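Engineer: Residue numbers (our numbering), protein chains in the order written: chain A, 17 to 318; chain B, 1102 to 1355.
Hints listed in this document are in silico derivations from the structure and should not be mistaken for laboratory results. Treat each hint with caution, since some may be false.
Restricting the straight-line Cα-Cα distance to at most 20 Å, the calculated cross-link-like pairs of lysine to any residue (SDA-like) are [unchecked claim]:
#, chain 1, residue 1, chain 2, residue 2
1, A, 147, A, 176
2, B, 1276, A, 21
3, A, 70, A, 148
4, A, 70, A, 34
5, A, 70, B, 1276
6, A, 147, B, 1199
Beta-carbon label-pair distances, calculated as ranges [claimed, not checked]:
#, chain 1, residue 1, chain 2, residue 2, range
7, A, 245, B, 1127, 57 to 65 Å
8, A, 79, B, 1296, 31 to 39 Å
9, B, 1286, A, 84, 52 to 60 Å
10, A, 101, B, 1351, 37 to 45 Å
11, B, 1296, A, 77, 52 to 60 Å
12, A, 138, B, 1117, 15 to 23 Å
13, B, 1117, A, 79, 50 to 58 Å
14, A, 77, B, 1117, 28 to 36 Å
15, A, 71, B, 1328, 21 to 29 Å
Chain A regions said to be covered by chain B (calculated; three or more residues, Cβ under 8 Å) [what the hints assert, rightly or not]:
#, stretch
16, 105 to 118
17, 202 to 208
Computed from a predicted structure; not experimentally measured. In this text, a Cβ means the ideal position worked out from N, Cα and C, and glycines have one as well.
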Amino acid sequence: MVHVSGVSKVFGDVVAVSDVTFSVRAGVTALLGPNGAGKSTLFRVMCGLTPPTKGTVRVLGCDARRDRDARGRIGLVPQQDGLFDRLSALGFVTVAAATEAVGEPERAARRALGVVDLDADDSRPVAGFSKGMRQRVKLAAALVHDPEVLILDEPLTGLDPVQRRRMIELFHGLGDEGRCVLVSSHVLEEVARLGSRILVIAQGRLAATGDYRELRELMDDRPHRIRIAVDRPRQFAAALVESGTAVGVSVGRDSLVVDTLDVDRLGREVAPLAQRLEVRLSRVAPLDEDLESVFRYLVEKR
Amino acid sequence: MSRHVPRLRAAVLTYRVLVRQVLTPGRLAALGALGALMILVGWLVGVAAGDRESDAAQMLRDGASYADGFGLIIIVPIVALVFGSSVLGETREDGTLVYLWLRPMNRGPVVAGAAAAAATAALPLTVVPTVLGGWLAAGRVAGSADLAWGAAAAAGLGTAAYSSLFVLVGLLVRKPIMWGIGYVLLWEGLAVGLGDFAARLSLRGYTRSVLSQIGGIDYGFDAHTTATALIVLAAVTVVGLALAAVRLNRLDVA
């Protein structure tokens, strides 16, 4: 449904997207990447909001920048927070429906607002809405015309956990109906729940693709660095190296930093080992679980 | 499945959204105060002329000069600049343009609806002070009704032409107000004094001609014919809109 082929986008001296190629079919696909990785630029190119410097994009076989009717088959939640602030939620989504050529726009708007759990009869201007409510107004506006392709740029930002769960269920429902739902996020846990197919983008390049399990395995292949606080770090380090769990150890005054290729095994062995050696174990903490380090690893590996 | 919004409906929808966005209390207060100042000064000019017992023809010329010098040079372009440049320019800045751009609508009607929204907001704030200010400055003597008609036509047509031009400017540059003020003060304000050729390249030369010809008042400049002035002002309006539509189509939308 969406084909991106050799797409690059350059702004002056900055390469925002570099030679990205992928295809997306019906269902939910997550675009994962840290802030500034090029996710929003890629989405803008896909929607035709900005032309690619190089390469081609086809959405439902069309170029959305040139094909007027194709634009009506895409629903976009942009990253920007801007809304027509003087309108109510119903007014805003009704305008969205009318400008998408939907018959009975107000009725469609009420239905879309219901889907995102917003009160259609709330007459307050959206200027007074919280971030989460504004986000849901944007989502309702993107859904109101039943688009075949949904491009959602960080749509879960500002939502509370219950709303997030509801929206993720909604995305899966839309995907199951045969729509192509592309959702971007910079939060790994969020993407884990979004599930199915994942595209990882870092520094403007496509760093990895696959389903969540494949990606998790890929990430688990990398060396992990764990800090372990014990009262006798030197003795504990020697035992870890001897057992083959650690591939590298640096010892401090009251802790040690362990490099391991098998973090699960290390997790299983640390407590029994401490018990056997009769050392006092006070803390085990990963040092490189942040998303940036995961992306860095994937990019370097690529 | 293919669907799109018909042209007229696209223009009306755009108009309805943007006219509400562009009319902010701050703008209305500031530009309304400018108009009130013009009316007040016009009234003082008329009272002073009555005290001097000036003849009616001279008072009409003074009224026309005042409507031209304050209304057509300052109020009309400045008010049109504020609304025209912001009506789409602001949506570009705050990210809401995407809600009009990524729609199955042609660009021409979107631009036309936006320009109509800007003109709707601007017209009362340009026509009323220009007409009332000129009429009061003329001391309400016989013939000042014609002056009022001329001022209304000149301010109205000028507002439409400037609005169209500044909608285009709002899509072309960042900080369009600065560029627009530079254009209004440096070119429109001075061009008329630089000779006939320069005057032909300024909108003011045509708006003041409408005022002079329809008002039936010769107040000391070489006016274009009514037909020429109307054609040029209409052409500027249409060409401005057409170029704005092309620009909108090629825009990088945030």
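Engineer: Are the Cα positions of residue 1276 of chain B and residue 21 of chain A separated by 20 Å at most?
Structural biologist: The given pair, whose Cα atoms are some 36 Å apart, is violated under the 20 Å limit.
Engineer: Given the hint of 50 to 58 Å, check if residue 1117 of chain B and residue 79 of chain A actually sit that far apart at their C-beta atoms.
Structural biologist: This hint is violated: roughly 30 Å between Cβ atoms.
Engineer: In terms of beta carbon proximity below 8 Å, does the stretch 202 to 208 of chain A have 3 or more residues touching chain B?
Structural biologist: Per the Cβ count (0), the hint is violated.
Engineer: Is 57 to 65 Å respected by the C-beta to C-beta distance linking residue 245 of chain A and residue 1127 of chain B?
Structural biologist: Taking Cβ atoms as reference, residue 245 of chain A and residue 1127 of chain B lie about 59 Å apart, which means the hint holds.
Engineer: Go ahead and decide if the range 21 to 29 Å is satisfied by the Cβ distance of residue 71 of chain A to residue 1328 of chain B.
Structural biologist: Taking Cβ atoms as reference, residue 71 of chain A and residue 1328 of chain B lie about 53 Å apart, which means the hint is violated.
Engineer: Given the hint of 52 to 60 Å, check if residue 1296 of chain B and residue 77 of chain A actually sit that far apart at their C-beta atoms.
Structural biologist: For residue 77 of chain A against residue 1296 of chain B, whose Cβ atoms are near 58 Å apart, the range 52 to 60 Å holds.
Engineer: In this structure, is the beta-carbon distance linking residue 1286 of chain B and residue 84 of chain A contained in 52 to 60 Å?
Structural biologist: 40 Å, violated
Engineer: Quick one, are residue 70 of chain A and residue 34 of chain A close enough, alpha carbons at most 20 Å?
Structural biologist: Judged against 20 Å, a Cα distance of about 9 Å means the pair holds.
Engineer: Holds or violated: residue 70 of chain A and residue 1276 of chain B, Cα atoms, limit 20 Å.
Structural biologist: 30 Å, violated
Engineer: When you check the alpha-carbon spacing of residue 147 of chain A and residue 1199 of chain B, does it fall within 20 Å?
Structural biologist: With a Cα-Cα distance of about 19 Å, the restraint between residue 147 of chain A and residue 1199 of chain B holds, given a limit of 20 Å.
Engineer: Residue 147 of chain A and residue 176 of chain A: Cα distance at most 20 Å?
Structural biologist: Distance of about 10 Å is within 20 Å: holds.
Engineer: Does 31 to 39 Å hold as the CB distance between residue 79 of chain A and residue 1296 of chain B, or does it fail?
Structural biologist: This hint is violated: roughly 50 Å between Cβ atoms.
In terms of the numbered hints stated before, the structure departs from hints 2, 3, 5, 8, 9, 10, 13, 15, 17, listed from lowest to highest.
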